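Quick note, the sequences are listed as chains X and Y, same order. Numbering follows the numbering used here, with no gaps: position 102 of the first sequence is 102. Numbering follows the numbering used here, with no gaps: position 35 of the second sequence is 35.
The hints are simulated quantities; they were obtained by calculation from the structure and are not laboratory data. Computed from a prediction, not measured in an experiment: that's the story for all the values here.
As a list, the in silico SDA-like pairs of lysine to any residue whose alpha-carbon atoms are at most 25 Å apart:
1) K41/Y - L48/X
2) K9/Y - F47/X
3) K22/Y - F47/X
4) K3/X - E44/Y
5) K36/Y - Y33/X
6) K41/Y - Q100/X
Looking from chain Y toward chain X, a few residues come up when the C-beta cut is under 8 Å (computed):
7) P43
8) L90
9) E103
10) E108
Chain Y residues, not near chain X, derived (Cβ > 10 Å throughout):
11) M13
12) T16
13) N17
14) K18
15) M27
16) G28
17) K36
18) P61
19) S65
20) L73
21) H77
22) H79
23) A80
24) Q82
25) P83
26) L115
Just so you know, even glycine gets a beta-carbon here, dropped at the ideal spot from N, CA and C.
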Amino acid sequence: AQKVTQAQTEISVVEKEDVTLDCVYETRDTTYYLFWYKQPPSGELVFLIRRNSFDEQNEISGRYSWNFQKSTSSFNFTITASQVVDSAVYFCALRVAGNQFYFGTGTSLTVIP
Amino acid sequence: DTEVTQTPKHLVMGMTNKKSLKCEQHMGHRAMYWYKQKAKKPPELMFVYSYEKLSINESVPSRFSPECPNSSLLNLHLHALQPEDSALYLCASSRRPDGNTGELFFGEGSRLTVL
Chain X
1 AQKVTQAQTE ISVVEKEDVT LDCVYETRDT TYYLFWYKQP PSGELVFLIR
51 RNSFDEQNEI SGRYSWNFQK STSSFNFTIT ASQVVDSAVY FCALRVAGNQ
101 FYFGTGTSLT VIP
Chain Y
1 DTEVTQTPKH LVMGMTNKKS LKCEQHMGHR AMYWYKQKAK KPPELMFVYS
51 YEKLSINESV PSRFSPECPN SSLLNLHLHA LQPEDSALYL CASSRRPDGN
101 TGELFFGEGS RLTVL
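Start from the sequences, fold in the hints, and give me the full structure.
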């Protein structure tokens with residue numbers, strides 16, 4: 001069975017602070033894909049990153065960085081120097097063979113000016 | 001701007017009404033999806049259309065009826081809905097539908113209220 005856990009329901013930080021969103025996944029498949037999506041109040045889910053199970057390289061994109069560790073089944077997301085525009089709900093998701101995406105329950109991030 | 005377009009953005013309907021939600025993508029994607037999202041919850045898959053074949057989540061009630069006129073369009077027909085069906089309905093597409101890397105590209109959603 002597949003499962004994605006985002007233990008942090010809500011996080012509040014003051015602008016310019018760094019914040020890490022945790023994601024832990026479960027799967028017995030050896031080939032899988034992990035994703036992060038951002039959902040601002042407007043509703044659209046915005047794709048941020050995809051990582052496959054054979055690539056444990058961490059990635060940095062501007063103020064965003066992702067840490068993938070197969071040993072702990074985690075795919076954590078860090079925002080450096082947070083901004084008010086980062087306020088949103090962030091979903092971690094897992095995809096194995098087939099069409100099904102398994103979403104975590106989401107972490108609501110509020111950045112306080 | 002999203003390349004998946006959904007209309008209408010907001011819809012209010014009574015329980016006896018018949019309405020439709022529309023979704024369009026022009027990215028040449030071969031799979032399209034309908035998701036339902038309640039407040040403070042993750043999206044839940046309702047239907048998948050891939051390679052001209054529709055897959056249905058068995059738990060979705062028959063008052064929701066998908067239709068795929070062509071590979072770029074996906075409709076969701078609504079009939080005799082219940083107030084608990086009020087939610088954000090998200091359409092998504094992906095490049096390749098089967099067992100692969102394709103991320104989902106979402107539209108902005110249609111926010112449905114059933115009175």
